[in-house]
Amino acid sequence: LMVNANVTGSTIEETLGRRKMLHMSQMRLAVLEVKRQAATAAFAANVGAVGKGEGGRDGGEDWALADLVQSVVKEAEETCERHEQRDGEWYNRETNGAEAMDELVRVSTTTLTVVENEVRGRGGASTMTLLIRAVG
Numbered sequence: 001l002m003v004n005a006n007v008t009g010s011t012i013e014e015t016l017g018r019r020k021m022l023h024m025s026q027m028r029l030a031v032l033e034v035k036r037q038a039a040t041a042a043f044a045a046n047v048g049a050v051g052k053g054e055g056g057r058d059g060g061e062d063w064a065l066a067d068l069v070q071s072v073v074k075e076a077e078e079t080c081e082r083h084e085q086r087d088g089e090w091y092n093r094e095t096n097g098a099e100a101m102d103e104l105v106r107v108s109t110t111t112l113t114v115v116e117n118e119v120r121g122r123g124g125a126s127t128m129t130l131l132i133r134a135v136g
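Take the sequence shown: its position 59, counting from 1, is numbered 59 in our numbering, and each next residue is one higher.
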């Protein structure tokens with residue numbers, strides 16, 4: 001019988017916490033992407049208003065869009081905080097891991113969808129179309 005002293009291997013705690021660590025890395029990237037999309041949407045909405053000769057935000061619909069975008073960013077940050085507060089063991093249960101991934105996907109896709117629906121609901125172009133018009 002030989003003893004193996006692998007001092008470079010992970011501890012049990014590190015192994016159990018690996019799912020949380022990987023999930024939180026993905027969640028933080030998703031929040032950064034939400035913030036990037038929000039900045040793009042805010043820029044595009046402002047450019048769209050200027051392009052129509054409105055001179056930017058007038059306190060009306062563009063402020064409502066800005067508030068909507070800010071609320072989506074806030075929700076993404078709060079979701080990330082909630083996930084950070086859970087212990088590593090929580091992520092090792094399959095149903096919990098699936099729930100966390102569903103929330104991650106929701107956070108990842110919400111901003112652009114919400115903003116584009118809001119802009120289209122006003123009869124306007126999508127934020128990406130507005131951005132292309134501004135740049136092009």
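These aren't lab readings, by the way, just hints derived from the structure by calculation. There may be inaccurate statements among the hints.
Lysine to aspartate or glutamate pairs mimicking DMTMM-like chemistry, simulated, CA-CA at most 25 Å apart [as the list claims (entries may be wrong)]: (1) K35 - E89; (2) K35 - E13; (3) K35 - E14; (4) K35 - E78; (5) K74 - E84; (6) K74 - D87; (7) K74 - E14; (8) K74 - E13; (9) K35 - E94; (10) K74 - E33.
Hint check:
no.: 1; hint: K35 - E89; in the structure: violated, 29 Å
no.: 2; hint: K35 - E13; in the structure: violated, 33 Å
no.: 3; hint: K35 - E14; in the structure: violated, 30 Å
no.: 4; hint: K35 - E78; in the structure: holds, 13 Å
no.: 5; hint: K74 - E84; in the structure: holds, 15 Å
no.: 6; hint: K74 - D87; in the structure: holds, 22 Å
no.: 7; hint: K74 - E14; in the structure: violated, 30 Å
no.: 8; hint: K74 - E13; in the structure: violated, 31 Å
no.: 9; hint: K35 - E94; in the structure: violated, 29 Å
no.: 10; hint: K74 - E33; in the structure: holds, 13 Å
In summary, the numbered hints that this structure violates are 1, 2, 3, 7, 8 and 9.
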